[in-house]
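These protein sequence lines are chains A and B, in that order. Numbering of the first sequence is given in my numbering, commencing with residue 4 and proceeding in unit increments. Numbering of the second sequence is given in my numbering, commencing with residue 22 and proceeding in unit increments.
Hints were generated in silico from the structure; no laboratory data involved. Using N, Cα and C, we set each Cβ at its ideal position, and we do this for glycine too. Among the hints, a few may not be true.
Stated by the list, open to error - Quick partial rundown of chain A residues pointing at chain B, CB under 10 Å, derived from the structure:
hint: 1; residue: M52
hint: 2; residue: V61
hint: 3; residue: P63
hint: 4; residue: Q65
hint: 5; residue: A67
hint: 6; residue: A70
hint: 7; residue: S71
hint: 8; residue: N154
hint: 9; residue: K157
hint: 10; residue: A160
hint: 11; residue: V169
Stated by the list, open to error - With the Cβ distance kept under 10 Å, some of the chain B side facing chain A (calculated, not the full set):
hint: 12; residue: V182
hint: 13; residue: D186
hint: 14; residue: D191
hint: 15; residue: P192
hint: 16; residue: L193
hint: 17; residue: V195
hint: 18; residue: F196
hint: 19; residue: E211
hint: 20; residue: F213
hint: 21; residue: V821
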Amino acid sequence: MSSPISAWSHASQERVQTILDSYPEPRSAIMPLLYIASLEHDRVSPEAMRQVAELTGVTPAQVASVASFYTMFKRDGVGEYLVSVCTSISCFLRGADDVLEVVEDATGARRGETSSDGTFTVEHVECIGSCGGAPAVQVNYELIEGVSTDNGRKLVAWLKDTKPQVVLADEMQQLFGGSRSFDWGGPEPEGAIAPVPAFGPYGSSGEGR
Amino acid sequence: MADADQVTITINGIDHVVAAGQLLITAAENIGEIIPRFCHHDKLEPVAKCRMCLVEVEGPRGKALVPSCTMPVSNGMVVDTKSAVVTKAHEGVLEFLLINHPLDCPICDKGGECPLQDQAYAHGPGESRFVEEKRTYLKPLPVSDLVLLDRERCVLCDRCVRVADDIAGDPLLVFTERGNAVQIQTFPDEPFASYFSGNTVQLCPVGALTSVDYRFKARPWDLHHVTSVSLVDTVQSTVDVQTSRGKIVRVYGVENDAVNEGWLSDKDRFVFPAIHADTRVVQPLVRNGERFDKATWGEALEIVASRLGSCKGAEVAAIGGAHNTNEDAFALGKFMRSVIGSAHIDAQIGDGLDARLAAAVTSRARLGDLDAASTILVWGPDLKEVLPVLYLRVRKATRNGATLVVVSPVATGLDSVADHVVRYRAGTGSELLRKLGAGDGDLVGARSALREGPVVALVGRTSLAEDPNLAESIAAFALSLPEAKILPLLERGNVFGALDMGLAPGLLPGRVSVDSQEGVDAIEDAWGPLPDHEGLDAMSILADLVEGDMSALVMVGSDPVSDCPDPQLARAAIEAADFVVAIDAFITDSSVLADVILPAAVWGEVDGTVTNLEGRVQRIRPSLLPAGQSRALHGLLDDIASQMGADLGTSDLAMISKEIASVAPSYAGITIDYLTFAGDPDGVVVPIEDAQQPLVYTPVDRPVPVVTGEFTLHLAASLYDAGVWLSNAAALGDLARSAYVRLHPSDAARRAITPGETIVVSGSHQLPVALDDTVSRGTLVVPHNLEETKGFVATPTVTVDTVRGEE
Ligand code: SF4
Ligand code: FES
Ligand code: FES
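Chain A with its partners taken away, still in its complex shape:
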C-alpha cells in the first residue's frame, strides 16, 4: 500500500511518523497532523483532510468535523498576511469594531475574506487573551496590543509597503501598538513560538512555508 502522503516533503513525512508514534490512539493525532497537512497544501483542503483520515484510520467526515470546529485550521487558505482583530467583549468595549472596519478598508478584504491580490486575509476572532491590552490584533498570529484605528491603518500600509518576510510581535508592537497588558519580557529567542508543539519547526512566522 502506498502511503497517502508520499508526495509530502521528507521532513513532513518524518514529523507525521513521530507524531503518530507518540499517541496510543492514532485518531488522537488528527489535530497535529492537520497542521502539517495544511502546510503541505497551503490550507486544510479536502484532499488534506482525506490524507489525515487515512493516516489516523477515521473517515474524512470525522476529520472535517474537527477541522471545521477550530478556526485556526484554514480550509479556504489565507493570504500572505492574516490579520486577526479581536472583537470579544474587552476589545469591543475599546473600539475593536472600528479597528476591524479600518483594517477591512485598508486591505480591501472583508472579514472572513482574502484580498483579491492574495496579500491579506482579515478575520475577527474571539478573545486572544490580551484583554488588558485591548483592542488586540494579530498578524500571522504575532500579537500587537492597544491598536488604535489610526495605527490599524498604518499597520496595513506598512505591511503593503515593506512586505516583511517575517513579522515579529515586538517590532509591530513598537511601531503600531499602544498600552499593553503587561510587559512580556525580552524578545523571544528564536522568533515565534509555535501555537502547539506539533507545529514545531514550522513556525507561524514564515519558516518552513
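Fit chain B with the ligands to the given chain A structure using the hints.
Just chain B with the ligands now, kept in the frame of chain A:
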C-alpha cells in the same frame, strides 16, 4: 431498601423503589413520570446535548438543575420534575431551540408526530421573545440517495451521528462548524451511504432528516399502522407498516428487544414500493407460444390441475416457499405430499445448508444469547451484506465486551470490530478448520478466545461456491467449544419457517425427520399415506428435470435461474420440463420460462405467522388487500386440489393454524390465536428443550475435500443485488454496485493483470478487475447476482483469461 440492586428515590414528593444503575430519566419514565427530551434515546449512549431533560435534584448544596439523562439514580435521591425552576428551564430551552427552528410544521413530514412540536406544546413558553429573522440554509441537502437533510430544522441532538457511528459503524454523518453555524454534514463526495441510514430518519426528533420515499407523501394522523415483521431476511425484524389511501407509504422499526431492538436495514425499510410496482403480475398468465396471455383464475387453475394431475406423483417437484408464511408453506407441503403424492420439495435452492442442520441443530442459539456470549464465532456469509440487523447485534455484543472471531476468505463488515480475523483461501476451509481446532501457528489467539465460554457460533456458507458440508463440520467443531450454541445462517425471508413446515426432502412439519416412523405415522393419520419414494433436494430436482426423470415443476416465489449455484442447469431444467407453474408476483428470470404464472399475494398482503433464524414465531399481518387478482398461496392450492378432486383443507387460515399446532409437534400450541391474544408480543420461540423437538440434530464432521487450482471462487453476496424486489423498489433500485472481480495484487502481478482491465472468468463472463489485498491469495471474488454476473455458475474453481489478445 429492599435489596442491593434497588434504590429508593423520591420524585415529586412520592417515594419509589426502582432498579439501581439506571438513568434518572428512565427510572422516572418507568413510573409514569415522563421527562421531556430530545437527545436521549435508550439505545444510544447519553450525551446530554439538548438540556431539555433538566430536573431539580437535591444535593449537599441545595437543589440544582441536572440533566436527568446522564444522572444515575442513587438511594435517597430527591427529585423535582415540575417545580417552578424546572418549568422555567424547560421553557427557556424550548425558547432557545425555537429561535432558529422554522415553523413550517404544516409542510414538514414530522408535523403531527414531532417531539419538538409536542414538547413545545407541553413544556414551551407559548410565546417567543425573538422576533429576528430565522437562519436559513440551502435545502434539502441530500446526505445520501435515500435521506434528505433540512439543516434549519435540526436541533443538534446528535442522535443521527450516534446511530451512524456507534450503532451502524458508518461515521459518515458528523457535526461541522461551531457555535451558531454548527450543522450536520457529510464529507464532499462521501454520502451517508450506510445500510442503516433510514434509522436516522426514524430517530430524528424533528423533521431535519426525511426519507426520499416518504417526503410529502402523507400526514401522520392519516396513517394506518399495522405491526408486522419484515420478510427481507431471516432476522425478521419487527416493523410498523404504515399505509395511507391503500398504499404502504412508510415502514418503521419496532423496538422488539428480542429481535431488532428497533433497528432496520434500509432494505427492510425501503423495499416496500416493489409491492406497488406496475411490473407486478396481478392476473393469471398462460403461455401462448413466445408470450403470455391473460387468463381467468378458472382457466388457469384448470390447466394447472389437469397438467399436474396427469403426472405421476414422483414426476412433480416443488421448489420454493421460503418467502411465504408458515401457513402457506404448510399448505404447500401438504399439497405436494398428500395431493400430488411427491416428496420432492425444497424451500432452499442449493444455496443453503443441510435442512436438518438449519432446522434442528442443538443447542441452537437465540439472538439474545449474543448479549451474554463471552466469545462469538462468525464463519459464514458477510453479515453486513446478508443479515444486516444481525450484524448490528454482533456489533453491539462486541461493544459490550464479547470477543469476536471472524473467519472468511475475504474481508467482511465485521472485521473492524473483530478481535481475531482469520482469512483462508476459498475452497480450503476444511484445512483451516483443522488448523483452528489445533490452534496452530498464528491461530493461537483465535483458538484461545474460543476456549472462553459461553460461545455463540454463527455458522453458514461463506459463499455459494463453498461446499455446504463445510458448515456442518464447522458446526460440529463449534459444539465442542465451552457452553456452545449455534445460530445457523440462512438468508431468505421465512426459510426457517418453511423448513419447520417440512419444505425439505428429509423433513416433515414440526422438525420431524422422514426417517422417524413415529413422525410418519402421526402425519399419515392426518393426511393419509405419504409418498413412498425418497425426496430429492432442489439441485437433484433440476438435474432430474434435465434428464427427463421428472416432468413438472412448481416454483413458489423462487427464482432458481438467479439464485441457485448453477443458473445454467436451472434454465435447462425449466426449459426441459413438460409443465412449469410459477406462483409468483413478478416476472423473474425463472418465471418468464413457465407455462402458467399464478399471481401471488406478497408481504404486506399476507396474514399468518413466520419463524426467524432463532426459531422465533411472530405474527405477520396484512396492511393491504392482495393487488389485482393476486391470491394467498394456501387458498389457491386448496382450489387446485379441489379441481383435482382432493380436499386439501387449507382454504381457511385458522384451520391451517390449528392443523399445524396438532400435526407439527414443535409448534404445538403456537397458533395464530395464541400469538395474537396470549403470547408474548415479541413472539414465541419454538421450544427446543428435551422432547419438545422430535429431531435433535447433532452435526458431524464431514469430509470436505480441499479445492486446488489456480483460482478458487468466492461468490460475494451484497445487500443491494439485482434481485427482483430491489429492482422494483424505487429508491433502492439504483444502489446495486458495479461488478468488479477482485483478486490479490500478487495474483494479478503473476498473470500481468492490471486494475480496471477486463478479464474473462470461467469462459463465460467478461468483468472488470479490481485489486484488493484483503482477498486471500489464489481466491477470485466475483459478486453474486448483479446484472453483469447473471448466469454465473458457482464452481469451486474458476479460470481466468485476459481479452488482450494472445501475446
Ligand atoms: S438531524 Fe435530526 S437527529 Fe441529527 S442532530 Fe439534527 S435533530 Fe438530531
Ligand atoms: S477580549 Fe480581546 S483579547 Fe480578550
Ligand atoms: S435529553 Fe438530557 S440533555 Fe438531551
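Okay, the hints, checked on the actual structure:
| no. | hint | result |
| --- | --- | --- |
| 1 | M52 | holds (7 Å) |
| 2 | V61 | holds (7 Å) |
| 3 | P63 | holds (4 Å) |
| 4 | Q65 | holds (5 Å) |
| 5 | A67 | holds (5 Å) |
| 6 | A70 | holds (8 Å) |
| 7 | S71 | holds (4 Å) |
| 8 | N154 | violated (30 Å) |
| 9 | K157 | violated (32 Å) |
| 10 | A160 | violated (33 Å) |
| 11 | V169 | violated (31 Å) |
| 12 | V182 | holds (9 Å) |
| 13 | D186 | holds (8 Å) |
| 14 | D191 | holds (8 Å) |
| 15 | P192 | holds (5 Å) |
| 16 | L193 | holds (5 Å) |
| 17 | V195 | holds (4 Å) |
| 18 | F196 | holds (6 Å) |
| 19 | E211 | holds (6 Å) |
| 20 | F213 | holds (9 Å) |
| 21 | V821 | violated (24 Å) |
Checked against the numbered hints given earlier, this structure breaks hints 8, 9, 10, 11 and 21; the rest are met.
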